Structures are given as C-alpha cells and as structure tokens.
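Asks: Given next are the chains, with one letter for each unit.
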Amino acid sequence: MNLFKFFLSLIITIAMLLLMDPRSFYSLAFHEWAGLIIGLFFILHKILNWGWIKKVTIGFFRKCTGRARFNYVLDVLLLAGITLMILSGIAIARTIDFSWLNLGGSRMFWRVLHTSSSFITLALFGIHLGLHWNWVLQRLKIKKVKNGKEN
Amino acid sequence: MVKRISFLILSVAILVIGIIAFSKLSYWDRSVRIFSFSSATPFEGRMGRGPGGRGESGEDGRFNRQERSGERFARPEMRNLPDSIRERSRFGEGRQDPGMREGNIPDSLRQQFGPRDEERMERGPFGGGMRNGEGRGRGEFPGGKKINIRNVKWFLAVFAAFTVIAIYIDKAFCLIRKRKGKQKVIR
Numbered sequence: 005m006n007l008f009k010f011f012l013s014l015i016i017t018i019a020m021l022l023l024m025d026p027r028s029f030y031s032l033a034f035h036e037w038a039g040l041i042i043g044l045f046f047i048l049h050k051i052l053n054w055g056w057i058k059k060v061t062i063g064f065f066r067k068c069t070g071r072a073r074f075n076y077v078l079d080v081l082l083l084a085g086i087t088l089m090i091l092s093g094i095a096i097a098r099t100i101d102f103s104w105l106n107l108g109g110s111r112m113f114w115r116v117l118h119t120s121s122s123f124i125t126l127a128l129f130g131i132h133l134g135l136h137w138n139w140v141l142q143r144l145k146i147k148k149v150k151n152g153k154e155n
Numbered sequence: 116m117v118k119r120i121s122f123l124i125l126s127v128a129i130l131v132i133g134i135i136a137f138s139k140l141s142y143w144d145r146s147v148r149i150f151s152f153s154s155a156t157p158f159e160g161r162m163g164r165g166p167g168g169r170g171e172s173g174e175d176g177r178f179n180r181q182e183r184s185g186e187r188f189a190r191p192e193m194r195n196l197p198d199s200i201r202e203r204s205r206f207g208e209g210r211q212d213p214g215m216r217e218g219n220i221p222d223s224l225r226q227q228f229g230p231r232d233e234e235r236m237e238r239g240p241f242g243g244g245m246r247n248g249e250g251r252g253r254g255e256f257p258g259g260k261k262i263n264i265r266n267v268k269w270f271l272a273v274f275a276a277f278t279v280i281a282i283y284i285d286k287a288f289c290l291i292r293k294r295k296g297k298q299k300v301i302r
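As you go down the protein sequences, you meet chains S and F in turn. Using the numbering used here, you'd call the opening residue of the first sequence number 5 and step up by one each time. Using the numbering used here, you'd call the opening residue of the second sequence number 116 and step up by one each time.
Only chain S is shown next, with the shape it has when bound in the complex (with noise of 0.2 Å):
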C-alpha cells in the first residue's frame, strides 16, 4: 500500500509540474485532460490517508502535535488550492466545452486566479513534500523506519 502512496504521489508532482506550463507537453487538451485526472488522483491520495486525516480531525483542539497541526492546516490550504485551480481551469477551458456549467464572471478573473491559485499550490506542495521527506526517504530505503512508526 506504500508503495502504491509513494508512486500515486510521484505521479502526481510531475503531473503538477509539467501542467504549470500548458504548452510544455503536447497540447493545450492534455493540459485540460490532465489537470481534471490530477483532481481525481488528489482525491485518490486523500481516501488513502483517511484514517490520519479522521484522526486528527477528531483531536485537532486536544491531543494533536503541532506538527500534525500545521501538516493538517497545510493539507486543508492544498485542498482549497487544488479546488480553486481546477474550478477556474473549468472556467477558461478552451479544449473542452463546460459552458453548461455557466460559472459567470469574467475570463480575465478565472485566468488570474487559475495561475495564482496554481503557483501557490506549487509551493505548498513543495512545503508538503519537505515535511514527508523522511517518509520518502523510507520509502526509497534510504533510511529506516524507527520503532515500527512512520512519518
């Protein structure tokens, strides 16, 4: 199951990075296709961490550490960010037709907000993977696990 986190979220920050540019890789459809499958492997990653986003939902105020804390208020921020991106690349999508879902506002509005909304969740991602470092570390073998616990 590990090894299916480690490689889902692999996918998922080279999928990032190359969406950051929509002329980087084939076409402005991939761009569109990929940043809608993106959306769905996010939501993937957060069913496989369920029972650590529960348990520290239900002791956030109590018994959390501080840094399960601010990894929990981090992942809320990624969460916002990822929604916001993918709702205003809906907005401008020009590929695939999503007028139906008549979101309103101006296109200049969706445009800027799709890039800062992206760019900041570039670097929170960033951010997120430096918190799990060490749990990547483990997962390459690189460094062992202590005690049977995880990061």
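In case anyone wonders, no lab produced these hints; they're calculated from the structure. These numbers were taken from a predicted model, which means no experiment stands behind them. Any given hint could turn out to be false.
To be verified - Only pairs whose alpha carbons sit at most 20 Å apart, straight line, appear in this in silico DMTMM-like list of lysine to aspartate or glutamate: (1) S:Lys58 with S:Asp79; (2) F:Lys268 with S:Asp25; (3) F:Lys261 with S:Asp79; (4) S:Lys50 with S:Asp25.
To be verified - Covered by chain S, according to a simulated footprint, are these stretches of chain F (three or more residues, beta-carbon under 8 Å): (5) 122-130; (6) 267-281.
Said to hold, decoys possible - Label-pair restraints from in silico Cβ distances: (7) F:Lys118 with S:Ile96: 43 to 49 Å; (8) F:Val127 with S:Trp56: 40 to 46 Å; (9) S:Val77 with F:Trp143: 35 to 41 Å; (10) F:Lys139 with S:Gly55: 39 to 45 Å; (11) F:Val117 with S:Thr99: 50 to 56 Å.
Heads up, the beta-carbon is just placed ideally off N, CA and C, and yes, glycines get one too.
Given the structure of chain S, go ahead and fit chain F onto it with the hints provided.
Replies: Showing chain F alone in chain S's frame:
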C-alpha cells in the same frame, strides 16, 4: 561528514537556482495578483508579451504607472523641434512609402534579401495559412514539437527550493525540541 557537507552544498545550489527561478518567473507577483485584482484592471498579458510583459518594462513585468494613470507621452509639436530632428523625422516618414509596402522593392534590395525573403514579401507580413495542409490547433506548438520543458525546469527549481527550505526548517524544529527535552530531563 563528507556526506553531510555534500548534501549541504547540494541544498545551497538548489536554493540559489530556486531563487533565480523565483525572480525569473515573477513568482511572487503572479502568486498574489489575484489579491490585487479588480475588474477595472486592464489585462497585462503574458510574461514577455504585450504591455507589462517582462520584455517591455524590465524585470518585474509591471506597467509603467505613468502610462496607466493617463499621463501619456505627448508628441511634441513639429515646429518646436530643432531643424536636425525635423530633417530626420522627414526622412523617417519617407521610408513609409506605400509603394515599398506593396512589393515595389528595388532589385538591389531584392538580391540582398534572397529568395526566401522575397517570397515573404510577396506573401505579406501575415501569411497565415496551413502548414502542409495540417494547420495548427489551439495551444499546439508552432514547430510541431510535442514536448517543451524549458519553462518546467524553472518551476521544478522553485518547487525544489521550497522543499529544501521545508526540510531544513523541520530539522531545525526537531533539533530545538530535542534540546528542550534534554534540558527538562537534566532539571
């Protein structure tokens, strides 16, 4: 020890490249643009293109505020200009001879440009049309290239820099916590 030092050097290198990429991409400006957005703001265009592009007004890619507030550059009256400048401007106007635009180029210039430029001149500046009948869809690369990760590497640099910063801050906090724990045990 050697391993630690090499990791430290690598981290510093990642940080430096990350900072360069951060300024190159105008990362901060583009991240916080949404907070200063108002529907009345004119569209500033993409980086390097149009007004406000990096290529036009320097590093920060911002509009010239004077231009935005309406204090546009006023063209001086011709009669108030010195004779030398008036002469020069007349010469400039002479260059925009409509005959030249329509392809009536002298033979000497035609030879200088060569056959390719000659073809372009006949076609006009905006040739348009399809390339081998295939054309180009929206968002596709002009040269038929499928992968172009030139910009992605800068994003990767920023991402890696944020990761390195988070790793070291996390390590620092762990160290502080450990030291505090030790002090409590001693007391």
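Asks: Work down the list of hints and note, for each, if the structure agrees.
Replies: Results of checking the hints against the structure:
For the hint pairing S:Lys58 with S:Asp79, the CA-to-CA distance comes to about 13 Å; that is within 20 Å, so the pair holds. For the hint linking F:Lys268 to S:Asp25, the alpha-carbon distance of about 10 Å falls within 20 Å, and the restraint holds. Distance restraint check for F:Lys261 and S:Asp79: the Cα-Cα separation of roughly 34 Å exceeds the 20 Å cut-off, and the hinted pair is therefore not satisfied. Only pairs whose Cα atoms come within 20 Å are accepted, and S:Lys50 paired with S:Asp25 is rejected, the gap being roughly 25 Å.
Evaluation of the coverage hint for the segment 122-130 of chain F: breached, as 0 residues show C-beta separations to chain S shorter than 8 Å, against a requirement of three. Against chain S, the segment 267-281 of chain F contributes 12 residues with a C-beta closer than 8 Å to a partner C-beta. That satisfies the three-residue criterion, and the hint holds. Against the hinted window of 43 to 49 Å, the Cβ-Cβ separation of F:Lys118 and S:Ile96 comes to about 47 Å, which satisfies the hint. In this structure, F:Val127 and S:Trp56 break the distance hint of 40 to 46 Å, their C-beta atoms being roughly 33 Å apart.
For S:Val77 and F:Trp143, the Cβ-Cβ distance of about 22 Å falls outside the hinted range of 35 to 41 Å, so the restraint is violated. At roughly 41 Å, the beta carbons of F:Lys139 and S:Gly55 sit within the given window of 39 to 45 Å. At roughly 52 Å, the beta-carbon separation of F:Val117 and S:Thr99 lies within the given 50 to 56 Å, and the hint holds.
The structure fails hints 3, 4, 5, 8, 9 (numbered hints given earlier, in ascending order).
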